[in-house]
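Q: Construct the complete structure from the given sequences, taking the supplied hints into account.
Residue numbers (numbering that gives the first Met the number 0), protein chains in the order written: chain A, 0 to 403; chain B, 0 to 403; chain C, 0 to 403; chain D, 0 to 403; chain E, 0 to 403.
With a straight-line cut-off of 25 Å between C-alpha atoms, the simulated PhoX-like cross-links for lysine-lysine are:
#, chain 1, residue 1, chain 2, residue 2
1, C, K115, A, K116
2, A, K36, B, K20
3, E, K67, D, K115
4, A, K218, C, K116
5, E, K115, E, K160
6, E, K67, C, K115
7, E, K214, D, K116
8, B, K205, B, K182
9, B, K115, D, K115
10, A, K116, B, K164
11, E, K115, C, K67
12, D, K115, A, K116
13, A, K115, A, K160
14, B, K116, D, K214
15, D, K36, B, K36
16, A, K115, B, K218
17, A, K332, C, K321
18, E, K160, C, K222
19, D, K67, E, K115
20, D, K367, B, K371
21, C, K116, A, K214
22, A, K115, B, K67
23, E, K36, C, K36
24, B, K116, D, K218
25, E, K67, C, K218
26, E, K321, C, K332
27, B, K116, D, K115
Listing some non-contacts, in silico: residues in chain E with all C-beta distances to chain D over 12 Å:
#, residue
28, S148
29, K160
30, G183
31, D203
32, E207
33, P277
Keep in mind that the hints were calculated from the coordinates and are not lab data. Heads up, the beta-carbon is just placed ideally off N, CA and C, and yes, glycines get one too.
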Amino acid sequence: MRILLLNICFVIQSVTPQTNKNVLTLISDLFDNYSPKVRPTVIQDDPIQLDVSFYLSSVNEVSEVNEKLVTTGFLMLSWTDELLRWTPSDYNNTDTIFVPQNEIWKPDLVLKNGFKKFEELGGSFYYLQINHEGSVDWLPFNVFESRCSMDITNFPFDTQKCDIKFVTWSHFADQIEITKSTKGIQFYEFEANGVWDIIDTSSDIKKEDRESEVKFTIKLRRKSQYFILNIILPIVFLGFLNMLVFVIPVDAGEKMSFCVTVFLAFAVFLTIISTLLPTSSDNTPIIAMYLIVQLVYGVIALVITAFQLRLHHRDEEEEISKYWVMVVRLQRKMRCKKARVTEIVVSELTKKGSLDNEQQNNCRAQEKYEWKHVASTIDFFAFWSFFISNIVITVSMFSASSSQ
Amino acid sequence: MRILLLNICFVIQSVTPQTNKNVLTLISDLFDNYSPKVRPTVIQDDPIQLDVSFYLSSVNEVSEVNEKLVTTGFLMLSWTDELLRWTPSDYNNTDTIFVPQNEIWKPDLVLKNGFKKFEELGGSFYYLQINHEGSVDWLPFNVFESRCSMDITNFPFDTQKCDIKFVTWSHFADQIEITKSTKGIQFYEFEANGVWDIIDTSSDIKKEDRESEVKFTIKLRRKSQYFILNIILPIVFLGFLNMLVFVIPVDAGEKMSFCVTVFLAFAVFLTIISTLLPTSSDNTPIIAMYLIVQLVYGVIALVITAFQLRLHHRDEEEEISKYWVMVVRLQRKMRCKKARVTEIVVSELTKKGSLDNEQQNNCRAQEKYEWKHVASTIDFFAFWSFFISNIVITVSMFSASSSQ
Amino acid sequence: MRILLLNICFVIQSVTPQTNKNVLTLISDLFDNYSPKVRPTVIQDDPIQLDVSFYLSSVNEVSEVNEKLVTTGFLMLSWTDELLRWTPSDYNNTDTIFVPQNEIWKPDLVLKNGFKKFEELGGSFYYLQINHEGSVDWLPFNVFESRCSMDITNFPFDTQKCDIKFVTWSHFADQIEITKSTKGIQFYEFEANGVWDIIDTSSDIKKEDRESEVKFTIKLRRKSQYFILNIILPIVFLGFLNMLVFVIPVDAGEKMSFCVTVFLAFAVFLTIISTLLPTSSDNTPIIAMYLIVQLVYGVIALVITAFQLRLHHRDEEEEISKYWVMVVRLQRKMRCKKARVTEIVVSELTKKGSLDNEQQNNCRAQEKYEWKHVASTIDFFAFWSFFISNIVITVSMFSASSSQ
Amino acid sequence: MRILLLNICFVIQSVTPQTNKNVLTLISDLFDNYSPKVRPTVIQDDPIQLDVSFYLSSVNEVSEVNEKLVTTGFLMLSWTDELLRWTPSDYNNTDTIFVPQNEIWKPDLVLKNGFKKFEELGGSFYYLQINHEGSVDWLPFNVFESRCSMDITNFPFDTQKCDIKFVTWSHFADQIEITKSTKGIQFYEFEANGVWDIIDTSSDIKKEDRESEVKFTIKLRRKSQYFILNIILPIVFLGFLNMLVFVIPVDAGEKMSFCVTVFLAFAVFLTIISTLLPTSSDNTPIIAMYLIVQLVYGVIALVITAFQLRLHHRDEEEEISKYWVMVVRLQRKMRCKKARVTEIVVSELTKKGSLDNEQQNNCRAQEKYEWKHVASTIDFFAFWSFFISNIVITVSMFSASSSQ
Amino acid sequence: MRILLLNICFVIQSVTPQTNKNVLTLISDLFDNYSPKVRPTVIQDDPIQLDVSFYLSSVNEVSEVNEKLVTTGFLMLSWTDELLRWTPSDYNNTDTIFVPQNEIWKPDLVLKNGFKKFEELGGSFYYLQINHEGSVDWLPFNVFESRCSMDITNFPFDTQKCDIKFVTWSHFADQIEITKSTKGIQFYEFEANGVWDIIDTSSDIKKEDRESEVKFTIKLRRKSQYFILNIILPIVFLGFLNMLVFVIPVDAGEKMSFCVTVFLAFAVFLTIISTLLPTSSDNTPIIAMYLIVQLVYGVIALVITAFQLRLHHRDEEEEISKYWVMVVRLQRKMRCKKARVTEIVVSELTKKGSLDNEQQNNCRAQEKYEWKHVASTIDFFAFWSFFISNIVITVSMFSASSSQ
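A: Here is the structure:
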């Protein structure tokens, strides 16, 4: 069987081995009256039917600041050049030729929403394949820098949708009509981007204002792992460190210096984080708002601590106002209640009741009101209000941004 | 029915289907004696009338440091080439041709106030549409880097006005005359910039020194939200943190370390902020002045605190000068007055008068003058003078810059 | 003998000194009917056999962020142009000519997995050597920017494998067939990269989907010394510094400020290190995980210390819970045991037993339980658990990443 | 009168409206035997007389690091092409033609002291104006990157002098002779630089070694305001903050931490300032020397404070050496003298003498010598010596650099 | 005599003023049969003799990271084109013509060890001078980016040796032979680099593997002043500051915070220094090793101080181990000896002996051993061992690196 096939091949080839002479003759015949200036349709009222497909090789860069998407890939442009048709049998069965791209008419397709001056696709060294029915294939490989408006509200859990639009710049739909395209974007030697996943692609042909346009759309989702580790984690940590100031007792003499150093650490972390966060005034990322909130928390903690110190070091002679006495009393009740609850739980678990009595005495006993106690009470209330509000804010903010 | 339509089509097309041959003949006829070197007016004394419109696609970059505006868009240039006129009926009703841009004469319009070497507009692959009356349309898409002197005094509430000027470089108004333009700048596939809003555009044609120039003006307003959150807020916070040093009692032993750490935090925040602030010696932004003021406040707070500590730790044996005694007395009076006022307000609100007596005793009682009291008095006066002056400065500076 | 040789030379030269005229005639004869548009095989069904070798001059850049490899070197392309053959004797024995590259047909080989628009190899000033049998040598020197997906998990002990793929873009394997290549990559004037060692190279010819492709593979190993000194060492140091907080006695009054300053130093070191670490969400470097772990350690140390201070400064009146008493007792036992072990070792070494008694008394004597002792016990347990766990983590992480 | 003029115009125009045909004929006549390769003088021994003027549009960049000056502007080159002369009356009074720049011979003027490969001036789309006597005007607009050696000793009060030199590269003064130039540099659409003022310009034509060269010189003065606010002010502030350490009493327990934090703040400010300071080993800016001096001050302050603390905490049992006793005695005398002087001044002003006695007693009374007093004496001397020397250094350094 | 000369000149000129016609005729004669494709030797076996000289204008950049040297300058290429010879008398004594570079054959010399794609030297606007004997001069001015492997061990006292190699890429030594060159590198309009001094240059012609290559070598020495002030000084300062921790007495309560803040300052200085230090894994600069050593010192100081604090705050009840008692005793002896030595010196100088007795008593008296004394002893030993070892390391490291 294989021998048979070979034989046939041999026969065909031995009979009609088209030579370079044939090709040369064909080319000189074809290009004798050909001008690349004239749109190659016999009936000039008919538009050229252009097929445009996009094969993506890589997403090089997604810039939130410049709202820019940089992709590498190639277009496949196919059309019929009615003036480059021939009868293969006339040229020893030559049915395909390769011609440098500057020798023939080409559609002037350009990237419509680009960042740069329009450039011709391809290059002078490209060869275009033309078959005997005049159908031409052109595969210009290029880097495409397209504009893409981005919404970074949910950074780093965001999804972006970018269009890459091509249009035949100098011609109207009457002259060149983009007719077909592949469904979505094809991939060719694709290598994934380190930060973005492609979750969907689509393509769309539009005709409006006599313009014929093809639009390729890429939907990208950010891989958030890196940003969770390097932005969210440190910020959340620092936010919670802030509360520790209310754990440190006033007597340790380190409250203020601790608090301001955490504030400082916050500032230092900001120098790292601020280079990672995208900047825009259009939509503020939730994470940036969270940063501001933590900064405000830091300031409030410092203010509270400073006044607390003032109270703590007040002369014992100065009387404590009724308001403060009430606050201290409230705190003592709460602690006792909590202690009792814990106690009950513990006693139930451990089936022992011996500590019960003393603890309760403890709760009743303290009825002195000194400035010290006021300061300590502030610690108590500030800690719990910070702790609870911070957890609520943190959870609500991140669930809001990551849920989308 | 469809057959009928096809028939009609056939008939119409069979009668006047202009073919590529017609176009080829037309082109060869037109360009036979045509030289792109000669300005295409029959009467050479007449200037070419040139219409220039600007279609903006995006504002890519506004650089305060380099005083540069980078825009993307295209120009629409229209003129009449009197040598490319023909009678359509002679060429089977062909009334429009597309010609590569290098085949014909073009005006040498360039960006007058640019940052780069002059470059030819368009590219060799552009086709220009020419109708049978010789009117030519050229739509070169480009990136325009124009110079624009900026006033950043009111940063981040500033408004900038930038000109993009085009001129026909080698020709004078006698040869090429820019005649018409669209009103202002048109938008084409415009995507808004993340930092700047376009609030107005205009266009203007000028003739002076035989130069014919068209000027497009863009008025931009900065979106200040990002800068308020990332520059103004942290600075204002730090400015007010500074005052807390006067709240901390000397006995806490953390006054100095607090004060210098806030100063340090200020320095760290500066490393972030300084990369966001535009730099220029021509006009200092008010916000930069505010920074300097806050820095000075920090230094003053440190100096006061250091001397305060010295006073506080002075030997009790050293006598307190009369000056200081007076100051302490003044402070006591003010606090008592304030206390009384509060008291009255409180007593009126709560209808209780019991605390009245003791408080007043308190006010009268303290007549000892130790160095400790002097230090504490300094706290009092420094805090209130810092607090009030800082609020005044902050409000006046930001209202000044944002009002414009 | 030498004279003889010279004579022969003379004779040969005097007989056949080919002149520029001969070469000129040859060239005009050869190129008379030659068209660079036509693939130079007599039988057009035969593919051109193309040999491709790669000579590497340097590895300019390896970018983990952009997943890019930039190399400098040249390709050696060899093929047979069947239309450029001649009989040397016809042209006075001229058997080699040099022709500018744009005069003849060349294969349109391009870098398949590149970062840029396809560019023609070589340049208009290159001369190609053609011998009388039509074999052509082309040595285009270029900078190749190829995509290379990288796995930085084991940074800085990682090894990367990068492909540099070339393909004849416009032609299929039926027209141009890449046949041979050198084994691996050759080196030409190679200068080693400061960061990467080349440990292996290979080459591979593939034919699929009618595409004929040659793939050169470089295996690179990172020189880790720089990163060990500048990243790993400082991080490990800081990780261990963190534990010192449990060595400092509570009475020194510097526990908290030490701990938070170490945290701050960590943040500052991060600003240096973060610029050296490659960023990607695909695979997190183990070293980045280690950083996070150390950050968590810092936070935990702060939390423990804050609560410890609270316990330490608790009123002596408050009773110590049973749980804490047990913990303190446990610690005392462990220390005594350790002391005894040390003691025995010491006594064996020094042959003295005198201290034995007192020490043991010491161990037995302390049976008071104050809050101070609780705080001190926390120090003991926290230090040893941090110390051991940190060593385990450090050793396991680095052995994991460096072993590969 | 106007009508008359119009009439005349009409007459002239109606009689001789030169048409495109005339221009076309003229051009074809002129360029028939014209070769852009041949220098267009009839007598080849005569040099071409070339006028070169420089019109500056903006100073884009002045880089101290790279010693580079980047300017934008255009040159005006004028010469006489003796082969492009015609009698206007022969061509219907056509006396000016515009010719693309590549059609005619041009002098190969290049930027002699540039940073880049030589590039041809202008571009293929430039038209050159030629009048009937052969005089040619060429106005190539370009960005000029010229080398300029800079002396930054007096930064930020420095003045730089930069040359922009042009030379006809391939020709000697025998072939092309630069003859005239405008006086200095002209300005065209000039927009001032944000950092540099142009204080003077000049131009100079030189002939040496058969080279004909034209040199334009720009004298620039830095606008120092920005640098005063952002570099000098913070450094001076920090320098003086350093001294406060000697104001803080040892008992406050914050001396050392204050001192080292100021040192740290200095380091942080340096990270900002170091990006603003020009770097060069040729001439160190005085401001950099000042920074070093302040750094040394900081170190000395730390050393003094550390030893002072040691003295302060010395056992009271250790005897104070005679040397220290003398120093303490000296300080007491000085303070009493100062106190007395102040006192006298005060008493004279206030006409009161009552405080006199006590103060003097005070001065005499203290005759105990403890280690505490030694530490306090060190404070006194260190503060005043630092204060005075720092003022002297600051004033002398800035007056030295700003006076020039 | 001068008149005679002038006469002769006049005679010659009046007789033979060669005109543009002569030149035009000459050029058309010469280029009639000339093809730039053919190597211009009559005997094609003879190689073209090529002289290559290098004129340096500036050293633009020396990049240690990329191991790149960027220089600006021009090459002078001279060769004989045997086909461009004429008899001057035939053309009215025209003996020199200027021809655009693309009109004639040129050697394809390229930068062999470059960083970029090969580019043609010169540009299309260059004119080449050809005299009547066919000798051609070509002076292409260019920016040369050459690779240069660097050894930064002795940074900033290092010396680098860089080669700039040129080779005729497409031709072998049989076709083009580089014969002569200037001795070393010549300077043309040279402006010195701010960081590097050129201490020597040389040139060398090599023929190997049929390749003909010319190599220019530049020896550069770094100007170290800037780096001494900005890197070495701050590091040395910080290294010595570290030791001050052992001067501060434990009672001051600032030991730990001082030590860790110095460590922090070290980290901050590193952020500045790390941007100035060259990075490479091949050879670690001694200065980088010194940094690591200082970092280790900082860590050790922290560890010692932490344990010292623990000892200091130990219960007085705990007995001091014999080992510590011995250490304390040793220190006391050393201090007494030192004190005695100082005393003797002082007494000799001052001729007084009165203090002698007391001091000695002092030495003998202290025989109590408390934990405090242990801590203080650690200070003593740590300080001196740090001080001495640090001086030894600093001196040896810098002398090692600067001596070369």
